[in-house]
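Let's have the full structure, built from the sequences with the hints guiding it.
4 protein chains.
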Amino acid sequence: MGQRHYIEKNIYYHDTDCGGVVYYARYLEHLEEGRTEYCRARGISVKGLADAGTYFVVASLQMNYKGPARYQDTLKIATQVEKLGRSSLVFLQEVLRGEELLVESHTTWVCVGKDFKPKAIPGDIRSVFERDAKEAGT
Amino acid sequence: MGQRHYIEKNIYYHDTDCGGVVYYARYLEHLEEGRTEYCRARGISVKGLADAGTYFVVASLQMNYKGPARYQDTLKIATQVEKLGRSSLVFLQEVLRGEELLVESHTTWVCVGKDFKPKAIPGDIRSVFERDAKEAGT
Amino acid sequence: MGQRHYIEKNIYYHDTDCGGVVYYARYLEHLEEGRTEYCRARGISVKGLADAGTYFVVASLQMNYKGPARYQDTLKIATQVEKLGRSSLVFLQEVLRGEELLVESHTTWVCVGKDFKPKAIPGDIRSVFERDAKEAGT
Amino acid sequence: MGQRHYIEKNIYYHDTDCGGVVYYARYLEHLEEGRTEYCRARGISVKGLADAGTYFVVASLQMNYKGPARYQDTLKIATQVEKLGRSSLVFLQEVLRGEELLVESHTTWVCVGKDFKPKAIPGDIRSVFERDAKEAGT
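Protein chains in written order, with the working numbering: chain A, 54 to 191; chain B, 54 to 191; chain C, 54 to 191; chain D, 54 to 191.
Rather than coming from a laboratory, the hints here were simulated on the basis of the structure.
Mixed in with the good hints there might be a few duds.
Note that the list lumps identical chains together, so a pair holds whenever it fits in one copy or between two copies.
Claimed, not checked - Below, computed lysine to aspartate or glutamate pairings styled on EDC-like, alpha-carbon distance capped at 16 Å:
| hint | residue 1 | residue 2 |
| --- | --- | --- |
| 1 | Lys119 | Asp168 |
| 2 | Lys129 | Glu157 |
| 3 | Lys167 | Asp104 |
| 4 | Lys62 | Glu90 |
| 5 | Lys62 | Glu86 |
| 6 | Lys62 | Glu82 |
| 7 | Lys100 | Asp126 |
Predicted, not measured: the structure shown is a model, and the values here were computed from it.
Here it is as C-alpha cells:
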C-alpha cells in the first residue's frame with residue numbers, strides 16, 4: 054500500500070524515562086514529525102499554510118500502547134490518511150520496530166483560521182488528502 | 054463530588070510552541086503529575102510499588118482538546134477514577150482554566166510485573182481505587 | 054541572605070531518562086520556572102514586558118552538574134541576581150536536594166526589543182534587580 | 054577539517070516556544086544526538102559501554118546563543134573533540150543554519166563507573182578520541 058508514508062527515528066536518552074522505556078508523551082512528538090513529513094512529501098507546506106492563516110490543530114487523539122521502545126532503538130513512523138471530512142481529517146499512524154507494532158494512533162486534525170474556528174480544508178490540499186484516503190481504502 | 058483530586062499548574066515557555074499555545078504532548082506530562090499526586094494524596098507510593106516490582110503502565114489514552122491554554126495561564130488538573138477492572142483502571146482527567154474545560158482525557162493504566170505482563174492490582178491499593186470509583190458513581 | 058528566591062519542584066517520570074536520573078536538559082526548564090517566579094515575586098511580569106515589546110533572552114549559560122537527582126525527589130531551585138549590566142544581567146541559580154547542591158548555573162539574560170537587538174533594561178525593573186544584586190554582595 | 058562530525062535536524066513545533074523560536078533547552082537534546090551519532094560513526098557504542106558499566110555523564114556545559122532558530126529550519130549540528138583528559142573530554146559543538154552560527158557549546162563528559170565515580174577512559178575508545186582531538190589541532 055504505497056499511500057503510507059514512513060520516517061525513521063532513532064531513540065536517544067531524551068526520549069526515555071527512568072522506567073527504561075520511551076516516555077508515553079514523546080511518541081506524540083514523533084507523530085507530529087510523521088504528519089509534517091507526510092505533508093512535506095505531498096508538497097503541502099504546514100508553514101506556508103500557517104503564514105496564509107490556515108492551521109491544522111489536533112482536536113482529538115487516541116493512543117494504543119502495545120509494547121515499549123527502548124534507548125537506541127530505530128523506529129519507523131507510518132502515517133496515512135484514515136478519514137476525510139469537510140473541515141477535518143483523521144490520520145492513522147503506527148510506531149514500528151521492524152515488523153513489531155509498538156504504538157497505534159488516530160489523530161484528528163481540524164482546519165481552522167486565525168480565529169481558531171473550523172473552516173473547510175482548502176481545495177488543493179483537500180485533493181491530496183482525498184487521493185491518499187481513497188487509495189487507503191476508506 | 055469530593056473524589057476528584059486537583060493540582061495546579063503554571064504554564065511556562067517550555068510548555069508552549071510557536072503556535073502560541075500549549076503543545077499537545079505537554080498535557081500528558083501534566084496528566085502524569087495529576088495521577089501521581091492523586092496516588093500520593095491517597096497514600097499510594099508509585100515509587101514504592103515500582104521498588105516492589107509492581108508498575109502501572111499506560112496502555113491507552115484518549116485526548117479531547119477543546120480549547121488552547123497559553124503562556125502564564127494557571128491551570129487545574131482534575132483526576133478521578135472512572136472505571137476499575139481486575140488488572141486495569143481508567144482515569145478521567147480534565148484540564149481546566151477557571152471553569153473552562155480545555156482538555157478531557159481518559160487514560161487506561163494496566164498493572165504489570167517486572168516482566169511487563171498484566172497482573173491483578175494488589176488488594177490494598179485496589180480498595181483505595183474502588184472506594185473512589187464507587188463514590189464517583191461508576 | 055534574604056535575596057535568594059526559592060521554588061520547589063517535584064520530580065516526575067517526564068524529568069528522567071533511562072540512566073535513572075534527571076535528564077541534563079530538564080534542569081533548564083526548572084531554571085526558567087525559577088527565574089519566572091523570582092520575577093513574579095518581585096512584581097515583574099515577564100508576559101507584561103513581552104506584550105510591551107521588551108524581552109529577556111538567554112544569551113549564554115554555564116551549567117555545573119555535581120550530583121544526580123532522581124524520580125520523586127523534591128528539589129529546591131534557588132535564584133538570585135549575580136551581576137547587573139546596562140542591557141544584561143546574570144542569574145546565579147542552584148538546584149538543591151535538602152542541603153545538597155546538585156546543579157549550579159549562571160544564566161545571562163539580555164534585554165532586547167522586537168527586533169532582537171539589545172536595549173537598556175527599563176528603569177523600574179532595573180531598580181528591582183539592582184536592589185537584589187547589591188544585597189547579594191556583588 | 055575532516056574530524057568534525059555533522060548531523061542534520063529539522064525543527065518541528067515541539068522544538069519551539071511561544072516566543073516563536075527554538076526553546077533554549079531543546080538544543081541540549083540536539084547536542085546529545087550529535088555526540089551519540091559522532092560516537093556511532095566512530096564505532097563507539099554508548100549503549101554497549103553502558104551495558105558494560107562504563108558511562109559518560111555530562112559534568113558541565115557552556116552554551117552561547119548567538120541567534121534564534123525557527124520552525125521548519127533545517128539545522129546542522131557539528132561535533133568535535135576539543136580536549137582530552139584521563140577521565141574526561143570536552144566536545145565543541147555548533148548549531149548551524151547554512152553558514153550561520155546559531156549556538157556554540159562546550160560540553161564536558163566524565164567517564165564514570167556504576168558507582169558514578171570517575172575512572173580512566175577505556176584505552177580503545179581513548180585512542181579514537183585522541184586521534185580526533187589531535188587532528189582538531191588541540
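I'd like to know which numbered hints this structure contradicts. Please list them from smallest to largest. none
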